[in-house]
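Using the sequences plus the hints, can you model the full thing?
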Amino acid sequence: MTWITTPLTADLLRGALDVELTAHGLLPHRLPAWARAQCADPQLAMVESQPSGVRLAFRTRATAVELETRPTKRVYVGAPPRPDGLYELLVDGRPADRGSVSGGDTLTIDMTAGTAEHESGPPGTVRFTDLPETDKTVEIWLPHNETTELLALRTDAPVEPAPDPGRPVWLHHGSSISHGSDAAGPTSIWPALAARLGGAELINLGLGGSALLDPFTARTMRDTPADLISVKIGINLVNADVMRLRAFTPAVHGFLDTIREGHPTTPLLVVSPILCPIHEDTPGPSAPDLSSLSNGQLRFQAMGDPAERASGKLTLGVIRDELNRIVTQRSADDPNLHHLDGRELYGEQDHADLPLPDNLHPDAAAHRRIGERFAELVFTKGAFAGSTEAST
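Just so you know, the sequence shown maps onto residues 0 to 391 in numbering that gives the first Met the number 0.
For the record, the hints were derived by calculation from the structure and aren't laboratory data. Keep in mind that this is a model prediction, so the values were computed, not measured. Note that the Cβ used here is the ideal one computed from N, Cα and C, for glycine as well. Heads up, some of the hints might be wrong.
To be verified - Label pairs and their computed distance ranges (CB to CB):
1) G98 with E347: 36 to 44 Å
2) A309 with P224: 42 to 50 Å
3) T105 with N323: 41 to 49 Å
4) L289 with A63: 45 to 53 Å
5) L289 with T105: 22 to 30 Å
6) Q42 with H252: 19 to 27 Å
Structure follows, in structure tokens:
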């Protein structure tokens, strides 16, 4: 086979807000460089560089495609090994193949000691073959949970960037649940599922552990062109125990004010947390359950005391009530501002059917349920209804 190597450039990427030129290729980012410079948190640096919702998109007659990358694998001390991240290939919008890249760098995280060690490793290649020999749009969705340096794109026919699909752009921000947590793959994270069902083009700012009402995230959203916007607020504020109710209310107002500076009339949906029993009435912080680690499992527990609500500590119940009040107040002057109770996406009955395996994150089946619910409640019936046409 004679391979054609196409230079990797930003115009081949969708869903990334910045592209870093490395010594050997490109590193997609989901926050711009100026925003990354305003926060030295290693957790944020890790998750914003994990390309959730980021995909290569190009037109070609190629029947074979190779993508060479250097992924960063995560290893949690005491926890079961994580599976390799998945690369999912779509042809004209339809799933066609999937694969993984072995090798790469390793980030070893010790949650009990609060340390992380990075070790360099070799690049690897994922190959897709037997594609139809016709003009087609090929998308390669990158692993939602592995930092992925792109090194080379090789095909057996020429490649050009895919044209704008003409779908409304949906900009979404949320926590690790929006990031993808334990979804089955990059096209199965709930925002990707909802976007496909709703006929939207996704930009995913789901940032694991980092949906903290950061002003730089609001400014990023303000400056990003979008036709539809949603923000899912709550669980990380409780997890990290970063503020009290007195700070939370003006922080939400400020976050929404900033987005509205760039998008004064865009449909804007505020989504409160899905059900999470350990934090419904118990404040954070949350922490790994060390007894579960000793059994080769990773589970989380709430470390707060329900009595601390009286002093302003946040729980999911407190946050839901306050978000509902804030949106009700603001929507009197902002008819394009909407609210969705997250328990409509995943509530008591869903938890009975599909419990959170680690007490915080939905599994693959729950991601699918949440994505389908969001598409129905928001794209078909709710805040985004009429803004898109349902995908076939």
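Outcome of the hint check:
At about 38 Å, the CB distance of G98 to E347 agrees with the hint of 36 to 44 Å. The hinted window of 42 to 50 Å between A309 and P224 holds, with their beta carbons roughly 44 Å apart. Restraint check, T105 to N323: a C-beta distance of roughly 44 Å satisfies the suggested window 41 to 49 Å. Between L289 and A63 the CB atoms are about 48 Å apart, so this pair conforms to the stated range of 45 to 53 Å.
In this structure the hint that L289 and T105 lie 22 to 30 Å apart at CB holds, the actual value being about 23 Å. A hinted range of 19 to 27 Å for the beta carbons of Q42 and H252 is consistent with their spacing of about 26 Å.
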